[in-house]
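Between the sequences and the hints, there should be enough to build the whole structure, so can you do that?
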Amino acid sequence: TQLLEQSPQFLSIQEGENLTVYCNSSSVFSSLQWYRQEPGEGPVLLVTVVTGGEVKKLKRLTFQFGDARKDSSLHITAAQPGDTGLYLCAGEDQAGTALIFGKGTTLSVSS
Amino acid sequence: GAGVSQSPSNKVTEKGKDVELRCDPISGHTALYWYRQRLGQGLEFLIYFQGNSAPDKSGLPSDRFSAERTGESVSTLTIQRTQQEDSAVYLCASATPPADTQYFGPGTRLTVL
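If you read the protein sequences in the order shown, they are chains D and X. Numbering-wise (the working numbering), the first sequence opens with residue -7 and increments by one. Numbering-wise (the working numbering), the second sequence opens with residue 21 and increments by one.
Treat the hints as calculated values from the structure; they're not laboratory data. Each hint can be trusted.
Derived DSS-like pairs (lysine-lysine); straight-line CA-CA distance at most 30 Å:
(1) X:K31 x X:K77
(2) D:K48 x D:K95
(3) X:K77 x D:K62
(4) D:K49 x D:K62
(5) D:K51 x D:K95
(6) X:K35 x D:K95
(7) D:K51 x D:K62
(8) D:K95 x X:K31
(9) D:K62 x D:K95
(10) X:K77 x D:K95
(11) X:K37 x X:K77
(12) D:K49 x D:K95
Okay, structure coming up:
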């Protein structure tokens, strides 16, 4: 069974701090995606990482895909209250049809 | 609107009643997915439709759950004889294969009393 474990489950920080969220699995994924979900809305795709060792930057967000394609991390620099939300990692299931999601990291950034 | 829409946004029902949830995908998207999100949990895959192919129902938790899609348009997820453990947000997403980006609707929050 493919599982994605995310840590930490909850994170509460002050504006301006840096943070890292982790997504780990014992399975190899062809790609991993990161989503952000705000209350009352569906998840919105932030990035897809495909190549082992790949690093992608999206403004203050840096995404890394592990060399073995079993793990990924999301690093946020100088967090802002607008970064508050649920961050989910997801990978394609073995059938290549649906996404397997981690349980998410709930981030709260206070000003 | 250009996004995925879902209705109703909220549904409160009594245990044992049937409910029907609706999803309007983005026009032209051939793939449609239903997921369930329990409080504090990630998304759990339920069912996948791709064009006119037979749907992948491998994620449906019991035979009380069923879904239909007419062509490449609207889909309905039906839950019969609802139970309290069915309470969750039900999310729909659509996509255009082979692209891997799924676009999600806002979800329907189902509460079974």
